[in-house]
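Given next are the chains, with one letter for each unit.
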Amino acid sequence: MDVPPVVTADMVNSADPGVPGQAPYTRGIFKDGYRGRLWTFRQYSGFGTAEGTNERYRFLLEKGSTGLSVALDLPTQCGYDPDDPMSAGEVGKVGVSLSNLAEAEILFDGIDLGSISTSITINGSAAIVYAMYVAVADKTGVPRAALTGTIQNDILKEYCARGTWIFPVRPSMRLIADTILYSNEHTPRFNPISIAGAHVRDAGVDEVEELGYTLANGLAYVDELVARGADPNRFARRLSFFFYVHMNFFEEIAKFRAGRRLWARLLKERYGVTDPKALMFRFGVVCGGSSLTAAQPYNNIARVAIENMAAVFGGAQSVFTCAHDEAYQIPTEFSAETALRTQQILAYESGIDKTVDPLGGSYYVEWLTEKMEQKAEQVIGELEQYGGVEKCIEDGYLQARIAASARERKVRTDNGDRVVVGENAFRSNGDGENEFGEVFRFDPAASGKVIEKLERVRQTRDNAEADRCLSALEKAASGNSKNLLPYLVECCHAYATVGEMVGRLKNQWGEFREPVRL
Amino acid sequence: MTFDGSNRAVLAKAVTSAARAGVEQILAQDLSPEHEARRIGFTGPPGSGKSTLIASWAEHRLKSDRSVAVLAIDPSSPISQGAILGDRIRMGSMDTREKFFIRSVASTRLHDGLCHNALGILSVFDRWGFDDAVLETVGVGQTECNIRFITGTVVLVLPPNSGDVIQAMKAGIMEIADIHVVNKCDLPGSRTLARELNSVLAMRSGASTWSPKVIEVSSTAGSGLGELDAAIDEHYLWYRENSDRKTILRKRIEYQLAETVSHQFESLLRDTDLDRFQSLGAAYTELLSGLKQPDG
Amino acid sequence: MPLQGKRILVGKPGLDGHDAGAKIIALTLRDAGAEVIYTGLRKTPDYIARVAVDEDVDAVGLSVLSGSHKELVGLTREKLDEFGAGDIPIFLGGTIPKQDYQELESRGVAAIFTAEMPLDQVVATIERILR
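Chains A, C and Y, in that order, give the protein sequences.
Residues -13 to 504 (my numbering) are what the first sequence spells out, left to right.
Residues 44 to 339 (my numbering) are what the second sequence spells out, left to right.
Residues 10 to 140 (my numbering) are what the third sequence spells out, left to right.
Same shape as in the complex, but just chain A (with noise of 0.2 Å):
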């Protein structure tokens, strides 16, 4: 964004942003800050087995990591079993494979869900992993209400840049607000959806971009929560929001402050929203990302301070920071004992959590903020303007906006405008042919085992019983009337497979036909 080189106070709108804690919350949504709690750490992990998985979230617990976040890899994201010919070279790969109610035993084996909160990145099958989460605190004596952790379950930025749809829109929002509504029904304390600009941001689109996309998102959340008949005092209430910070430090602070104040005031202007929790606008964040480089890996030991700085001075209520090795690798446990230690240096030796909202008030910051919440609302405006957003995803008007960003971001970047040092400035000799220290090794057999346990649970399951569970799924999937979860949860107390579910939603509701538009 074009600054001036100095703000002063005749610059800014409303020299005094009010009080923390106080709608429309521009200084914070708590009002003692980080002096009450501070923010979660949350390392995002998980590959290859169940096993393996489980042993890592025990090591990282042990270190003092206060929340698990549970990365799946691509077939069950995707909704595919590990044995599909789809799923192949790609089991276990960007995460744990999660094919079925055993394996989720597995997984959080000897961990406690009622004392943990765990957040889980998963999309197009989210109503699925979401009901098998359910079904395992069932399993081990956990009551529902005590869950707590958040799914991504934010559909409409996969058609933008992740990638990991399913289902047509239409149906996929459908699931999208059965599991909202559910969720705040049985397990109040739970987030059942993290609206995510993180993954259009790291596509390559400007801090601007990503607030209005997500919020235009959000939007559209509301919109068919409150079309089906929900109070949006309550359901608000656990929408929370997911974003990327890169380098540019103030752009990043304001985003977050802009957006408090631009949810709240959306909130209220379009649905009357008065209840000033559902007001609240929470997010995690994600430091690094495309932000990092694989050239010089250990500069960007230094780029995710920078950025947890920018989170936590936006006041995130959670963050998770990138291991330096992220751009080329899955990380290590040193570099993802070095990204936790980052965050722990952060908050108990730099002082950053004494006071809150240090940055209030400032000229450049609150000058900022004013800019940054009245361009994202620009882009929402532009948004609607194209019909809204389910229609620029459907044309694929979005998607083709978002690339031509990504191509401008990478221009400047090769032409030097945007400078990344180690990568196009102060480059050492023999940058080419660093060495990277330990490397993680990937187990090769992780997907054989995974599919001979699967085939196990296929043969020792009540097979009758799981297709009763299925078929009834498949039934209340062809009309509107029903809330699918109590059904997801079924099947999956009957060890249904993600493949099998998504398999009877498909029979019904058809495939998301990509609009490849450049």
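Fair warning: there could be bad hints in the mix.
Dumping the calculated BS3-like pairs for lysine-lysine here, alpha-carbon to alpha-carbon at most 25 Å [stated by the list, open to error]: (1) A:Lys263 to A:Lys17; (2) A:Lys377 to A:Lys361; (3) C:Lys106 to A:Lys492; (4) A:Lys492 to A:Lys17; (5) A:Lys340 to A:Lys263; (6) C:Lys142 to Y:Lys88; (7) A:Lys435 to Y:Lys79; (8) A:Lys357 to A:Lys254; (9) A:Lys361 to A:Lys254; (10) Y:Lys79 to C:Lys56; (11) A:Lys468 to A:Lys492; (12) A:Lys17 to A:Lys254.
Derived by calculation from the structure, the hints in this document are not laboratory data.
Fit chains C and Y to the given chain A structure using the hints.
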């Protein structure tokens, strides 16, 4: 050679050769082969869903054991001449079926919605024994009338809510289309459009004994495809009975010559250093004499 | 234009949904004069090879960010060979660890592009190989 699904690579090379043909190769082409595929042209504005419609219709066709080849033309960038060829992808999972073949090409410099040597590519499809040959135009609008001369049946595809498009097309492509498809007819606006079309077509002066059809189709819901299929067959029968082979061939030759000359001329123009000439007249004479050499 | 008249397929094999890189490359190749067929997401190696053959492309570019590049490149190469298109070079982009380069090159990958590589260099490399 006959297309049997296993010799796709050979066919693919033959098509490429036609698509890149120079003057001599073009002039040696047989424009009236022994077997001729039924040639069906699909045209219509961008976003009307031509590719998806072709895919759904072709699926119908394959079921009755016919083989179908598609020449799908996408626009070239006027600056780089490069192109993103996206029609094939819009045809979805259809596009690698055994008796189905698609070739995507860029329009390059042509502005009639067709591509260099489209006739030559279609005759490759003839030689390979395809039952149906589909030509999908760029879809820029009413100027794409050359499709009339190189295909037998012209299908104009319109999206709902394109009443203003009709007004713009009245004097162009609508005059030559044999079948008008109101596509995506599950969306609002299609009924009105169909009515409007019928009334515009009713006023079309009837030199021809073919009365143009209006068909509502939804490729996604799969409705109207049977009707479209029947209309295409019906038109083919009519066309076979009522058109004069000589006139058709003559039109093709005219089109091919005009296209070849203009293609040659453009590349001559591009490669000629115009600064050498004192006057426009001198440049003109030089360019014309260049045209006389078949290899430019 | 350096790639005038060249036909290049840009494909996303496997389940990886990160398509920003593939789209940037598709647009860049178009602006370098190439005719580009971009497959969209989630295509099997079999599909990609069939399209490459039907379209008689000069090169196939694959983008993989899920760590499954070795499997997916290998399968695509096999299919291309099977369909009689063993001469089509494969380019690869994505998150490809250095230690995999040698193996990939031995499986017939003509060039590997990283996210940091300037686009001019990508175009120049492809031009050199297709010359």
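The hints, checked one at a time:
Restraint check for Lys263 (chain A) and Lys17 (chain A): the C-alpha separation of about 13 Å stays at or below 25 Å, so the hint holds. Proximity of Lys377 (chain A) to Lys361 (chain A) is assessed by CA-CA distance (about 22 Å); at most 25 Å being required, the pair is judged to hold. Between the alpha carbons of Lys106 (chain C) and Lys492 (chain A) the distance comes to roughly 23 Å, so the proposed pair stays at or under 25 Å and holds. Among the hinted pairs, Lys492 (chain A) with Lys17 (chain A) is inconsistent with the structure: their alpha-carbon atoms are about 47 Å apart, more than 25 Å.
Between Lys340 (chain A) and Lys263 (chain A) the alpha-carbon distance is near 24 Å, which keeps this suggested pair within the 25 Å criterion. Proximity of Lys142 (chain C) to Lys88 (chain Y) is assessed by CA-CA distance (about 19 Å); at most 25 Å being required, the pair is judged to hold. Between Lys435 (chain A) and Lys79 (chain Y), the direct Cα distance comes to roughly 20 Å. Compliance with the 25 Å bound is thereby established for this hinted pair. At roughly 20 Å between alpha-carbon atoms, Lys357 (chain A) and Lys254 (chain A) fall within 25 Å of each other, so this suggested pair holds.
With a C-alpha separation of about 19 Å, the suggested pair Lys361 (chain A) and Lys254 (chain A) falls inside the 25 Å cut-off, and the hint holds. The suggested pairing of Lys79 (chain Y) with Lys56 (chain C) is violated, with an alpha-carbon distance near 29 Å, which exceeds 25 Å. Taking the CA atoms of Lys468 (chain A) and Lys492 (chain A), the gap is about 17 Å. The hint holds against a cut of 25 Å. Proximity of Lys17 (chain A) to Lys254 (chain A) is assessed by CA-CA distance (about 20 Å); at most 25 Å being required, the pair is judged to hold.
In the structure shown, a violation is registered for the earlier hints numbered 4 and 10, in ascending order.
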